[in-house]
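S.K.: Since the structure of chain A is provided, determine the placement of chains B and C on it from the hints.
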Amino acid sequence: MSIGTEVDVQAGTVTSPPTPATGRHTARWVAVIALAVCAGLVAVLATRPSAQTVAARSPLVDTHAVAPPIAGATLDGASYRLPRAPGHYVVLNFFASWCIPCQEEGPELVAFQFQHQSTGDASVLSVVFEDTVGDARAYQQKLGVTWPTMADNDGALALAYGVRSDPTSFLISPDGRVVASVTGGATAKGLDQLVARAEASGYGT
Amino acid sequence: MNGFLGHTGVLLGFGGAAVGIVVLGVGLARGRGPAMRGARVYAPLILVGGVIAVVAMERALLTHDFSLSYVAANNSRSTPWLYSITGLWSALAGSILLWGVVLGGYATAMVWRFRRRSGDPLVAWATLVVYVVAAFFFGLMLGPADPFKHVAGAVPTNGPGPNSLLQNNPLVLIHPPMLYLGLVGFTLPFAFAVASLITGRLDEDWQGETRRWTLFAWAFLSMGILLGAWWSYQVLGWGGFWGWDPVENAALLPWLVGTAYLHSVMVQQRRGLLRIWNLSLVVAAFSLTILGTFLTRSGVIQSVHSFSESTIGPLLLGFFGLVLCTGVGLIAWRGDRLRSVGGIDAPVSREGAFLANNVLFVGFALVVLLGTVFPLLYEALDNGTQVGVGAPYFNRFFVPAGLALLFLMAVAPALPWRKTTLEVMRGRLAVPAVLGVLVVVVCVLAGVRGVEPLLAFGLGAFAAASAGRALVLSVRGAYRGARSAGASGGRAALTGWRGFVGRANGGMVVHIGVVVVAIGLAAATSYLHRGQLHLATGQAGSFSGHTVEFLGTRVVSSPSHSSYQAVLRVDGGGLFYPAVSQFGAGSATVGTPAIDSSWTNDLYLSIATNPKGAVWAFGVVEQPLVMWLWVGAGIIGFGSVLSAIPGRRRRPTDPVSAPAVEVAPPVASGDSTPVAGPEDRPDVDVDPLPVATGGPS
Amino acid sequence: MRRHRFPLWTALGAVLVVALVLGSGLLTSSPPTDAQRAAAIESVVRCPTCEDLSVAQSTAPTAVAVRAAVTQQIAEGRSDQQVESYLVERYGSSIVLDPPARGWSLLVWLLPLLGGCAAAVALGVVLFRRRRLSGPDGGRPGPGGPGPDLTPEAAAERRTFLARSLADADAEYLAGDLSDQDYLALRQRDMVRLAALEARTGEAAAVGPAVTQAAVAVDERVPEVGIATAQRAGTAVSTAPGAGARPRLRLRRNTWFLVIGCVCLASALIVAVATFASDRQPGQSATGTFAQTQAQQTEESLAQAATDENQGQVGQAAQLYQSVLHQHPDNEVALAQLGWLEFETGRQGNSASLIADARAKLLRAVRLAPSDYAGHLYLGTLLLQRDGNAAGAVAQYRRFLADGPPAALVGQASPEVRSAFQQAGLPVPAAVAGA
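Chains as they are written, first to last, in my numbering: chain A, 1 to 205; chain B, 1 to 697; chain C, 1 to 435.
No lab work stands behind these hints: they were computed from the structure. All residues carry an ideal CB built from backbone N, CA and C; glycine is no exception. Mixed in with the good hints, there may be bad ones.
[Unchecked claim] Reference listing, derived: stretches of chain B covered by chain C, where coverage requires no fewer than 3 residues with Cβ under 8 Å from a Cβ of chain C:
no., stretch
1, 241 to 248
2, 349 to 361
3, 388 to 394
4, 452 to 463
Extracted from the complex, chain A is given alone in its bound form (with noise of 0.2 Å):
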């Protein structure tokens, strides 16, 4: 029960099926729309960045929030107060042991603490996310860290500053605002670049 088209078998062609009896176009201008449609969803999906650099961008640094204090004991007993006077730049950077961008960007940050030791004019903190302090301490022991490390054993201070991933790191200013983040692994150029972009712009003494 085909409707009217003569298919000849042995031409393989097909006549061309009766015009639309009722001279609606409705499924053209359906079948329209929905393209339409579909290659604005395709074009939205070819332009995205995948979602590992697209990771959380911090609504601290959108607002050039101030950071927010920091009050405790290091892993070596000392006191560590933030913010505190004279002020610096300082890399609040969280991590754990066991991930691997943050065993790669390790060597970084100590590259970066050695070269702004002497000038003073910024430092790093560490602070323990998703770890046990005995891992993190050896950890860093292995490194060769000379900053301090704070635990945060109750994850407040992650929560503070909206930590979602290992490694994370602010850059905050000398007057106490968070300027920066970076997600996935800091280099030491790269810290350098955004301090000396935070110098520019006016932040800092």
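M.R.: Below, chains B and C alone, put in the same frame as chain A:
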């Protein structure tokens, strides 16, 4: 050697597809029948190529041949043989290989099934489309997703092994192949849809063929999705089985559209209506499988299920665009001329119910699609700000749609075609409705609270009773048919089994399975109790009526993994071992839960935090009726099998309530190729009339 | 004789509505407690380090920290909106599982609603399209109606469709699925269309005579419609006396087994439901919370307070008892326990007012619940230790022992009880005699 063999296989598959395209193209353009018939041979060639490649890859995995970078990244010397085998589909390139070989299998099945009609341009166009898709996927394997790429640099001596979550549970052996059998299976209906549009032949016979293939693919996809839920439940540790994760949604979308198609194609077979709508559904289902493949493998969406990011994203997106342009473009060009004439006679009829069913399924599929891609859209619109769309959004639409679908499931089996009145419906649905209300009342009296679950239980009972009614009537019709054909009482009673097979009856069993799943879902999500128990060794705690005693710990290690287990005794009975496991030294630990399942509820135990000191924190989740989800999945699978067994060959135009007539095959035979004759049908409150059923055509 | 029809569906509807209203817990609900508000917020906040899990579902350390922050914020009196903003300020807007309903993200809510309306409209148009029967030129073009000139193929297609529809309607009617009116209406409609089609094409094609023959044959059967109906009704008369032309609810003998099957299914469901629902409180759903009944809330608070007391967190326990007493000033358990706590605290801190308060509570507790052993025990101890009133203490202890206290508690209290009896110069009861 493995790499060489694998490359040969992939090349063979691609070559077969490419040459097949050329030959068919020439045959169709010049109208050469022999060319079209001769192109049949390339489908088995594609399959052979795929099989060679699979054999090569499995050999490499089982012998730990680390000269292949795929094996080096996804296998280790200590990986057990089961997880070496499943390593074939544990990562991106291998999954494309699995796709290719399954597609080769489907292509071969198709050309074999239609071998007598291979000179028909419709079949030729369909084969051409399948070859194009096969060429694309094998082409991916020649380029960016090459599973047999040689490792760069020195050959490593050991590898990291598969992802920890993928070696935790043997279900990884079944779930991906089932899923792929389902997803890839939608290629064939799409091929036939495109061929129908090109040749302009939309008659109902071809729709019948397409429907059968779609049912086959749909059944595997359903099983794949439900097995995936079960696997998530057993492995992921948060006690849930469906998180509206983008990858889960990617498999759900073709399923929703496929279910809509399986119902609306019945309207086409019976009344010749909704032709273009059905074609659109088939095109949409296949396009959604490609879109899902893109979302899973391109890295634009983060998900616990997604494969690693790679460069095949733009290629998959391009193919998606091509598929969409072809399908939708053909519909735009030809659709209006090929529309069915006539319309639906009355809203209260089975056609109307199927239309409502379609609107609900397709509407919900659009909502799921919107929710899944919306974070990307928003990011594009709002210049980088991110927004999340999670489970609460999807559930808000899922609950009303699901309840409406349960209601339709209850009403539709009793609805006649064409037109009916409420009087007739009231008569037929009285008993199921009473049962549904009874269930609600009993639940309320027993202390169950909450409108949504109560409605789910009531409507579920209503739907199950309605499906049961249809099955009972069908069995009775088979019995009567056998009796009227002269069989004795006992023989005829045995023939009652025929009331369970066939399209409609298998469908009723599937409906019952869906109701069981719905009830389990409603109970588990509404009455879930979640908490933590802090226990020291030897201490017992109680949670929601269960006592959990922490007996001690033990360490179980094997070459491939070591796991630190807690020994818990639940309710003074069985022992359960939630654990923290590490697969391969230096990799992250994953939690492995332990589940105390029973028919009434599941107690889900996991280690909540890395234990420190003497007191351990255990996460405990209690969910009622979870076991019934998996039972319902089994019923759905069983019903699909029943649906595939041919009942007495029935003309789709025969009335639903026609009495069983005398033209019945002999009772004793198990004849599998029945001649055309009316199927035994459920008869309603009417004894067979002494009037032959008229009805020409 | 027409049998009075039982209004089954009205009854069913009424029962269902009543059951649902009762079952929704609306009648017994109260404003959500802090714990419920926290749980509701936790179910819509994403766990920061997980994929797609809410902090309620996750056991990750960041989720635990967020849950603690939510609880603390609520305890400090912030509203739900403020708690969410607190988290969004720190984590960004993607921390909330639900997209906000403002700005561009309004689209994700609007589009489904608009789509739903459009779908409903389209469905209505397709299903309820009125087909004008007033003649070949009336109304919208349908099959056989006016439109561009028909090619022979299109005309043949329509003719086939109409013939098929007519035959289909015949078969449905004879099988009993179509009522008389429906059958006549459908047949007439299709006949009219067929006639219009013939008029347009102007010829009776090969298919024509057969169709008109079938139509005529059907026409001839029209007078038999009534007879056929009567025949059909007649076969049903035997079990449904008085059934007229309209089908009714009929319970036939051979559908009883269907009913029995349903009853078996129902009983299985009842057993399953009763087993899991018997000693259970309904918890939260994934999409929202239910309010627990007041009684359940009180139970929970008391249980939590008892646990706190056992763990030595007296302050928290006292707070919980106070909150219970706010809602139920006559709850004897809370009165007795709080009274005891106050007495202990007052004794340690030497606060006469606290002790007076404790005394008032304990007196009230024993008055309200004379058969509750705890109040008697506590009051007796207070009388003995504070007032030195051995006789009064003995009276209370007698009531305590008579109320069936658990053996462990008797053992704990026996030194006090013995000393009271000895001070009063009375023989020590056997229950507390012995070491």
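S.K.: The structure should be examined with respect to each hint, and the outcome stated for every one.
M.R.: We went through each hint and held it up to the structure:
Counting residues of the stretch 241 to 248 of chain B whose beta carbon lies closer than 8 Å to any beta carbon of chain C gives 3, which reaches the threshold of three, so the coverage claim holds. Here the stretch 349 to 361 of chain B counts 4 residues with a CB under 8 Å from a CB of chain C, which clears the bar of 3, and the coverage holds. For the stretch 388 to 394 of chain B, the stated coverage by chain C is satisfied: 6 residues place a CB nearer than 8 Å to a CB of that chain, which reaches the threshold of 3. Using a Cβ-Cβ cut-off of 8 Å, 7 residues of the stretch 452 to 463 of chain B lie near chain C, which meets the minimum of three, so the contact claim holds.
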